[in-house]
Amino acid sequence: MGRMNWTRILFAGLLAGLVIDTGEYLLHTIVLADDWKNAMQKLNLTGVQMPGEFLALTVAGFLLGTVTVWLYAAILPRYGPRARTALLAALAMWIPGYFLGLLGVFLLGILPLGVVFISMAGGLAELLCGALLVRLVYSDTSSGLAATAGSH
Amino acid sequence: MREIGIILIAAFAIDRIVTGMFYLLSFNADLRATLDPDSLSDPSARAAAAKLYRLVYSVCAGYLGIVIVAGVMGIRLSKIAAIPLDSSLGPVMGNALDVLVTGLLLVGGADRLAEALKLFGGDIKPAKEPIEITGKVVLEQSLAKVDPS
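If you read the sequences in order, they're chains A and B.
Following our numbering, the numbering of the first sequence begins with 1 at its first residue and continues without gaps.
Following our numbering, the numbering of the second sequence begins with 1 at its first residue and continues without gaps.
Looking at chain A on its own, in the form it has when it is part of the complex:
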């Protein structure tokens, strides 16, 4: 089994993080802006206002992207260098990262269904787009490993 290329993982993770962070920004700051404001007012909270909070969420996006690439690199020898492999890695990250996390928040009555559903759908779209980009960037130099794994 081939070794993981950590430089590529970090670089592709950074790119996936950029896709995730751009999607999250558009989704939560523009599309769901009013819904978040209403939800935060009900909870007597202020929401994301400080630069430090914005920075922390940005870093979280990069971390999510990097872990997705790591997972893609880990399952690559078994599933092969196909788009399906990248999409599976994205789905595997979306279930605990978005689906289960937001489901709990919804069931506890903290967030309304609209915010939860759109956040889940948006998160899935971000992760799938990021994973497809990751496949192109990571597989670029891993073709030797990929060629041997493609027959599985």
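A few of these clues could be false.
[To be verified] Some chain B residues near chain A, calculated using beta-carbon distances under 8 Å:
#, residue
1, ASP30
2, LEU31
3, LEU52
4, TYR53
5, VAL56
6, SER58
7, VAL59
8, CYS60
9, GLY62
10, ILE66
11, VAL67
12, GLY71
13, VAL99
What the hints contain is simulated information worked out from the structure, not anything from laboratory work.
All C-beta atoms, glycine included, are put in the ideal place defined by N, C-alpha and C.
Given chain A, put chain B in place with the hints provided.
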């Protein structure tokens, strides 16, 4: 004129940041093929790497254009050009379109500026594209003469 100046400066800054970051990262052997396609000798591999480079460049410039410039810094097309947002689209779609179009303009501007800077800098390399030959090859096999003895 002021609006064009702001967009040009922002696009120039984005292009310089992304190009500078890629230049530094291209010293790494694992990333050189992706971030410096000209370093590849094989023409078909270079063409594929150039395509990937453009995609990676667009993602990085897109993030800077949409999130940092249009979002955090608040430099938006509707503001600098004093264009009122279409109220029929609603506040959400209007804002989203404003940010997306501003980001697109900045990414496109950065890309075009990068081309223009190459022209002014005289750093023009002739494109080496793989030679492609099309046609038919006909193979004829003459029958060997059979010696009757």
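Comparing the hints with the structure gives:
1. A hinted interface residue such as ASP30 of chain B counts as satisfied when its beta carbon comes closer than 8 Å to some beta carbon of chain A; here the least separation is about 4 Å, so the hint holds.
2. Hint on LEU31 of chain B holds. Least Cβ distance to chain A is approximately 6 Å, under the 8 Å limit.
3. The interface hint given for LEU52 of chain B holds, since its Cβ lies 6 Å from the closest Cβ of chain A, which is under the 8 Å cut-off.
4. The interface hint given for TYR53 of chain B is broken, as the beta carbon of that residue sits about 10 Å from the closest beta carbon of chain A, more than 8 Å.
5. Annotation: VAL56 of chain B was flagged as interfacial toward chain A, and the flag holds, the nearest CB pair being 6 Å apart, inside 8 Å.
6. Annotation: SER58 of chain B was flagged as interfacial toward chain A, and the flag is violated, the nearest CB pair being 10 Å apart, outside 8 Å.
7. Because the beta carbon of VAL59 of chain B sits about 5 Å from the nearest beta carbon in chain A, less than 8 Å, this interface hint is met.
8. With a least beta-carbon distance of about 6 Å to chain A, the hint placing CYS60 of chain B at the interface is held under the 8 Å criterion.
9. Because the closest C-beta pair between GLY62 of chain B and chain A is about 6 Å apart, less than 8 Å, the hint holds.
10. A hinted interface residue such as ILE66 of chain B counts as satisfied when its beta carbon comes closer than 8 Å to some beta carbon of chain A; here the least separation is about 6 Å, so the hint holds.
11. For the restraint placing VAL67 of chain B at the interface with chain A, the shortest Cβ-Cβ distance is roughly 5 Å, inside the 8 Å limit, so the hint holds.
12. The criterion of a C-beta within 8 Å of any C-beta in chain A is met by GLY71 of chain B, whose closest approach is roughly 6 Å, and the hint holds.
13. Below 8 Å, beta-carbon pairs count as interface contacts, and VAL99 of chain B has one with chain A at about 6 Å; its hint therefore holds.
Hint check: violations occur at hints 4, 6; the rest are consistent with the structure.
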